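Number of protein chains: 2
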Amino acid sequence: MSQLNDVLSYLDAHRADARARLFDWLKIESISTDPAYKNDCIKAAEWLKAELASLGIVADVAPTGGHPVVLARTDGRAKKHALFYGHYDVQPVDPLNLWESGPFDPQLITLEDGRKVIRARGAADDKGQVMTFIEACRAWKEVTGALPIGITFMIEGEEEDGSKHLPAFVVANRERLKADIALVCDTSMWDQGTPQITTGLRGMVYEELTVKAANRDLHSGLYGGGAQNPIRVLNKILADLHDAEGRVTLKDFYVGVPETPKQVLDQWASLGLTSDSFLKPIGLSEPAGEKGRMLIEMVQSRPTCDVNGIIGGYTGVGAKTVIAAEASAKVSFRLVGDQDPAKIRDAFHAHVHARLPKDCTVEFISHKGSPAITLPFDMPDLVAAKSALHDEWGVDAVTLGSGGSIPIVGDFKKSLGF
Amino acid sequence: MSQLNDVLSYLDAHRADARARLFDWLKIESISTDPAYKNDCIKAAEWLKAELASLGIVADVAPTGGHPVVLARTDGRAKKHALFYGHYDVQPVDPLNLWESGPFDPQLITLEDGRKVIRARGAADDKGQVMTFIEACRAWKEVTGALPIGITFMIEGEEEDGSKHLPAFVVANRERLKADIALVCDTSMWDQGTPQITTGLRGMVYEELTVKAANRDLHSGLYGGGAQNPIRVLNKILADLHDAEGRVTLKDFYVGVPETPKQVLDQWASLGLTSDSFLKPIGLSEPAGEKGRMLIEMVQSRPTCDVNGIIGGYTGVGAKTVIAAEASAKVSFRLVGDQDPAKIRDAFHAHVHARLPKDCTVEFISHKGSPAITLPFDMPDLVAAKSALHDEWGVDAVTLGSGGSIPIVGDFKKSLGF
Chain Y
1 MSQLNDVLSY LDAHRADARA RLFDWLKIES ISTDPAYKND CIKAAEWLKA
51 ELASLGIVAD VAPTGGHPVV LARTDGRAKK HALFYGHYDV QPVDPLNLWE
101 SGPFDPQLIT LEDGRKVIRA RGAADDKGQV MTFIEACRAW KEVTGALPIG
151 ITFMIEGEEE DGSKHLPAFV VANRERLKAD IALVCDTSMW DQGTPQITTG
201 LRGMVYEELT VKAANRDLHS GLYGGGAQNP IRVLNKILAD LHDAEGRVTL
251 KDFYVGVPET PKQVLDQWAS LGLTSDSFLK PIGLSEPAGE KGRMLIEMVQ
301 SRPTCDVNGI IGGYTGVGAK TVIAAEASAK VSFRLVGDQD PAKIRDAFHA
351 HVHARLPKDC TVEFISHKGS PAITLPFDMP DLVAAKSALH DEWGVDAVTL
401 GSGGSIPIVG DFKKSLGF
Chain A
1 MSQLNDVLSY LDAHRADARA RLFDWLKIES ISTDPAYKND CIKAAEWLKA
51 ELASLGIVAD VAPTGGHPVV LARTDGRAKK HALFYGHYDV QPVDPLNLWE
101 SGPFDPQLIT LEDGRKVIRA RGAADDKGQV MTFIEACRAW KEVTGALPIG
151 ITFMIEGEEE DGSKHLPAFV VANRERLKAD IALVCDTSMW DQGTPQITTG
201 LRGMVYEELT VKAANRDLHS GLYGGGAQNP IRVLNKILAD LHDAEGRVTL
251 KDFYVGVPET PKQVLDQWAS LGLTSDSFLK PIGLSEPAGE KGRMLIEMVQ
301 SRPTCDVNGI IGGYTGVGAK TVIAAEASAK VSFRLVGDQD PAKIRDAFHA
351 HVHARLPKDC TVEFISHKGS PAITLPFDMP DLVAAKSALH DEWGVDAVTL
401 GSGGSIPIVG DFKKSLGF
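Those protein sequence lines, which keep their order, are chains Y and A. Oh and the first sequence: position 221 is 221 in the numbering used here, straight run, nothing missing. Oh and the second sequence: position 402 is 402 in the numbering used here, straight run, nothing missing.
There may be inaccurate statements among the hints.
To be verified - Here are the simulated DSS-like cross-link-like pairs (lysine-lysine), alpha carbons at most 30 Å apart as the crow flies:
id: 1; chain 1: A; residue 1: Lys212; chain 2: Y; residue 2: Lys212
id: 2; chain 1: A; residue 1: Lys320; chain 2: Y; residue 2: Lys251
id: 3; chain 1: Y; residue 1: Lys178; chain 2: Y; residue 2: Lys43
id: 4; chain 1: Y; residue 1: Lys414; chain 2: A; residue 2: Lys320
id: 5; chain 1: Y; residue 1: Lys236; chain 2: A; residue 2: Lys343
id: 6; chain 1: A; residue 1: Lys414; chain 2: A; residue 2: Lys386
id: 7; chain 1: Y; residue 1: Lys320; chain 2: A; residue 2: Lys164
id: 8; chain 1: A; residue 1: Lys178; chain 2: A; residue 2: Lys386
id: 9; chain 1: A; residue 1: Lys368; chain 2: Y; residue 2: Lys320
id: 10; chain 1: Y; residue 1: Lys368; chain 2: A; residue 2: Lys236
id: 11; chain 1: Y; residue 1: Lys212; chain 2: A; residue 2: Lys236
id: 12; chain 1: Y; residue 1: Lys358; chain 2: A; residue 2: Lys291
id: 13; chain 1: A; residue 1: Lys291; chain 2: Y; residue 2: Lys236
id: 14; chain 1: A; residue 1: Lys116; chain 2: Y; residue 2: Lys320
Derived by calculation from the structure, the hints in this document are not laboratory data. Remember, predicted model here, so these are calculated numbers, not experimental data.
The following block holds chain Y by itself, in its conformation from the complex (with noise of 0.2 Å):
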């Protein structure tokens, strides 16, 4: 261990220095949707390139379809192997005049209530995340002379723009890539002194479906009454996906989520994320989920259903009559645990096909199934990062799902093997 406080010792002694080298990155304007800032983009990656190489790694700027890759593989005192994955972009910066300083001007300032931050676009998204990691690299061969591991950094460009090219990448790299772990640093803390590792991802099934009856629109006045309506059958299906209980209904939707260790919901529980942290702020005040869940359970370690978009008839100013033809939904399912998107969708579709009258036909358009990704409690990896962080921290860290997915996490488990 001491070899380790040697370490932290130099990152100590260092700060100011490692924070100078990531202002000098938050200055670069590497702002991926927008391509008047391509060579930004190709100056944030190649000052990345130049801050491995001063660690003594060789990096390519590996090109793709947008934005390049930043991609470097070298080896460490151990045969295990990480594969670190961060993105160099960031995010638009309008509207301008709600900046209290220029969004590429990074400045250390502190808030109100105490804390000190970094301000800047980017800082906490992603390259402040990456530095820390590099500086910890840098910190390990200065102070030993050697990584402890193996890794691969890939930092990629277009994350802010839906990682467009990476999937491909990814593949076409699969040997650059192997690793025995994966580390996607774009996460963020519990709180301010409390560390948090995400340990699992919901997967998503997001199917669109559009009932038909007629061959026209109708006028109400003359078929009101006689001629079936596909908003009303449309409501009746998507009614009856949830039952009283908040539980969705579709057959064997909960084969494959797994109860929660009970040791870790004691953590949640004490996390106090409550009603008034976490809906107040959006205008609610009551959990939707399904009853006996504790809120935060409902939000990523349960499996879900919400409809995200539905549109049939007049919907313009004022009144129409009319009945329409057709009528259209947009329905997406957030899985946990082992749930299988293809059954997850198949068991979507009866139970369309068992509310649709005689008269109705159903189009359907699956747009995503990917499968939920859930680290187990147990793995010891995550059992040792987890007692690194609580020496360094003096809390446990949260382990806890995320209710969103990272995309990237299921083409590396995907292409990648792990």
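With chain Y fixed as given, assemble chain A onto it according to the hints.
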């Protein structure tokens, strides 16, 4: 009766002249919705004024906020007075390339099935019907020297444009319009050999509702399962409007809904309005209304509920994992008998509020609320009209409600005290 026979004989003898007059009127391009035809509308009104003058009836071309109303009041032999309503305006004629002859170049043609018809814009809606009545009046005057009863002619020019200025006109001319009975001559026959009297019009309550939950759109990855989804709430509200029997579930919805007399139901049953004849042309095959009712009842004598439009969340191409802040729908109820629009509206609002979670609010826009209009089946004038039609056609006239509304009928009832 010999007087009536003389009148009918006169009409038969002068049919060609009568048709020539109608053709003259049909040539006038009185399209009310298009301002380019403003002068043609005035021309059609003036033509009618001159036509009435040729019967010795003095008419005004009375101004309104829009196209004028042709208004004439004349006495008859009996004290009884009838208000006769029709319209001289016609619908637009596009697409022109689908006309086999010019829309304002009237033709007497023989269809493939042997039927003789007049083809021109307005021939069946409503210049033909109006001239049938006026030619009958002419025959009465020529043969007997007087009209059998007093008649007020009110022929408007904005029916195809929503009769916007007519309600105010009716109120302003209440005294000149006073009558014992009003005849709305803007309907059709059951078929080529069967006359029809429309004896009822369904009323309407048309409500728009917007369900609101969070104070902004949410990401379903972060909030899905925890936050209330207004589309889901709206689906439940709307799905609950009908029970499994197809009946509307609003409290006391069927209060005031009359049962149709058995002999009328028998007549309707004999009309052969089937799924094949009524639904097949629109691509449907199964009546969608209340179980245990004939299709003809569903569409004209039973009250209904239809969702006419719905919108919420993401409705563009592809997938977006949004939980919308709000969702809206337009819902209409067709009313019959003595159903009270105000009570139906209140019951609908109560239905919505009963299904509204604590975190949601709802806003309503009340678009329409008008009661149904139904003639008593034993009304003496109705019985007399049926008898006369039977004498002329040799078959019973069909007495039928209309599924739609003719708003001016409500105005007559309200403003003229029928």
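Structure-based check of all given hints:
Of the pairs offered as hints, the one joining lysine 212 of chain A and lysine 212 of chain Y holds, with about 28 Å between alpha carbons and a cut-off of 30 Å not exceeded. With a CA separation close to 25 Å, the supplied pair lysine 320 of chain A and lysine 251 of chain Y stays within the 30 Å bound. The hinted pair formed by lysine 178 of chain Y and lysine 43 of chain Y meets the criterion: a straight-line CA distance of about 27 Å does not exceed 30 Å. Note on lysine 414 of chain Y and lysine 320 of chain A: the hinted pairing holds, with a Cα-Cα distance of about 23 Å set against a maximum of 30 Å.
Under the criterion of a C-alpha separation no larger than 30 Å, the hint pairing lysine 236 of chain Y with lysine 343 of chain A is consistent with the structure, at around 25 Å. With a C-alpha separation of about 26 Å, the suggested pairing of lysine 414 of chain A with lysine 386 of chain A holds against the 30 Å cut-off. The suggested pairing of lysine 320 of chain Y with lysine 164 of chain A holds, with an alpha-carbon distance near 16 Å, which does not exceed 30 Å. A threshold of 30 Å between alpha carbons decides the hint, and for lysine 178 of chain A with lysine 386 of chain A the separation of about 24 Å falls inside it, so the pair holds.
Among the hinted pairs, lysine 368 of chain A with lysine 320 of chain Y is consistent with the structure: their alpha-carbon atoms are about 11 Å apart, no more than 30 Å. Between lysine 368 of chain Y and lysine 236 of chain A, the direct Cα distance comes to roughly 26 Å. Compliance with the 30 Å bound is thereby established for this hinted pair. Between lysine 212 of chain Y and lysine 236 of chain A, the direct Cα distance comes to roughly 20 Å. Compliance with the 30 Å bound is thereby established for this hinted pair. Of the pairs offered as hints, the one joining lysine 358 of chain Y and lysine 291 of chain A holds, with about 15 Å between alpha carbons and a cut-off of 30 Å not exceeded.
Our distance criterion of 30 Å between C-alpha atoms is met by lysine 291 of chain A and lysine 236 of chain Y, whose separation comes to about 18 Å. Restraint check for lysine 116 of chain A and lysine 320 of chain Y: the C-alpha separation of about 35 Å exceeds 30 Å, so the hint is violated.
Taken one by one, the earlier hints fail for this structure only at number 14.
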